[in-house]
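Listed here are the chains, written in short residue letters.
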Amino acid sequence: MKIDDRKLIAYVDGELDAAGRAEVEAAIAADPVLGVRLDEHRLLRGKVAGAYARVADESVPARLMAAAQAGAKANADNVVKLADRRKPPPPPKVSRPVAWPAWGSMAATLMVGVVAGYLLSQQTPAAVAPGFDGALVARGGLAKALDKNLSAGSGPVRLGLSFKTADARYCRTFQVDAQRAAGIACREGARWVARMTTEAPRPTQGFDYRTAATATSPAVLAAVDAMIEGEPLDRQGEIAAKARRWRD
Amino acid sequence: MKNAWIDEARARTRQRKVFAPEDDGLSVGLDGAAAMEAHLEAASVEQAMARLPDDQRLAVALVLVEGLSYREAAAVLEVPEGTLTSRLVRGRNALLADLRGAA
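From first to last, the protein sequence lines are chains A and B. Here the first sequence is numbered in numbering that gives the first Met the number 0, starting from 0 and rising by one per residue. Here the second sequence is numbered in numbering that gives the first Met the number 0, starting from 0 and rising by one per residue.
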């Protein structure tokens with residue numbers, strides 16, 4: 000039984016069926032060299048995806064969308080605060096050209112605020128960003144959480160409900176506190192595509208534990224009602240779906 | 000989508016030529032050695048991607064970056080799935096060889 004690169008890469012990309020996966024896994028167990036090769040391809044996959052995920056984050060301000068705008072607005076507040084908090088410029092010693100230095104330092108102060116605000120906004124990458132076909136694709140921490148996490152009521156990315164739609168896709172409700180964004184993402188191929196996004200309620204302090212349902216905003220729940228087929232997944236269901244990489 | 004990737008590659012090539020000093024300046028603002036390392040790694044991956052033939056780069060980009068399934072990516076490129084997978088295999092082996100040489 001020979002495993003060629005084509006099969007190995009298909010395994011890394013999650014494109015094999017159960018029989019194919021078992022075949023590759025058996026071959027790897029028998030051949031350490033093949034295991035090294037597998038690791039190389041896994042690492043490459045992560046590197047390539049990572050390199051362009053950073054690119055997507057870089058250009059977020061240019062392609063802002065509803066979810067990212069909430070975050071940007073919060074950061075815009077910082078511009079004003081920073082500028083206000085800076086000490087007023089010392090009164091100029093020479094009395095004659097009073098106006099210009101004062102205006103100049105005010106402008107410089109404002110500039111510092113603007114740059115700081117910009118840098119702050121850069122530090123909060125968008126949770127969803129348009130893919131090259133225009134679909135809103137979950138990125139970064141959100142994409143990772145959708146892949147790996149079970150529903151939980153705490154953490155930077157909270158996942159409320161997981162369910163299946165009439166067209167047999169897995170969908171999950173999410174809420175990202177950093178960007179005050181909430182919505183529903185559905186598995187399409189290897190991507191999580193946002194079916195709806197809305198502004199999340201301000202995170203409440205002091206409620207670390209809550210049921211999955213109360214963590215989900217009414218607008219999102221209404222959309223779930225319209226999409227869901229059957230019941231939401233229970234914990235066992237989520238574990239099983241995750242093991243299948245949220246595909247069927 | 001295919002054209003978007005081609006445009007992206009061209010625009011990046013131009014940017015690298017014109018804006019290299021500015022890029023260097025940008026990394027000053029990045030925090031810490033880990034961020035710098037990630038930045039450099041991303042740059043070397045992008046350069047290796049740029050060296051691939053268009054066919055292979057598109058196949059790799061659609062599957063690894065855009066997260067399309069083989070079937071979806073083959074549909075976008077309007078080629079049979081077998082053609083897509085062989086481009087993927089050649090492209091990824093070339094990337095591995097390239098990045099190994101760079102490290």
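Be a bit skeptical, because a hint or two may be false.
Example chain A residues on the side facing chain B (calculated, C-beta under 8 Å, incomplete) [said to hold, decoys possible]:
| no. | residue |
| --- | --- |
| 1 | K1 |
| 2 | E14 |
| 3 | L15 |
| 4 | A26 |
| 5 | Y51 |
| 6 | R190 |
| 7 | R194 |
The hints are simulated quantities; they were obtained by calculation from the structure and are not laboratory data. Note that CB positions come from ideal geometry on N, CA and C, so glycine has one too.
Taking 8 Å as the limit, does the beta-carbon of E14 of chain A come near enough to a beta-carbon in chain B? holds (5 Å)
Chain B contact restraint on R194 of chain A - CB to CB distance below 8 Å: Violated - the Cβ of R194 of chain A stays beyond 8 Å from chain B, reaching only about 16 Å at its closest.
Going by Cβ atoms only, is K1 of chain A closer than 8 Å to chain B? With a minimum Cβ separation of about 15 Å from chain B (threshold 8 Å), the hint on K1 of chain A is violated.
Status of the hint placing A26 of chain A at chain B (closest C-beta pair under 8 Å): violated (17 Å)
Any CB of chain B closer than 8 Å to the CB of L15 of chain A? violated (10 Å)
If you take the shortest Cβ to Cβ gap from Y51 of chain A to chain B, is it below 8 Å? Nearest chain B Cβ about 4 Å off; hint holds.
Could you check if R190 of chain A really has its C-beta closer than 8 Å to a C-beta on chain B? holds (4 Å)
Checked against the numbered hints above, the structure violates hints 1, 3, 4 and 7; every other hint is satisfied.
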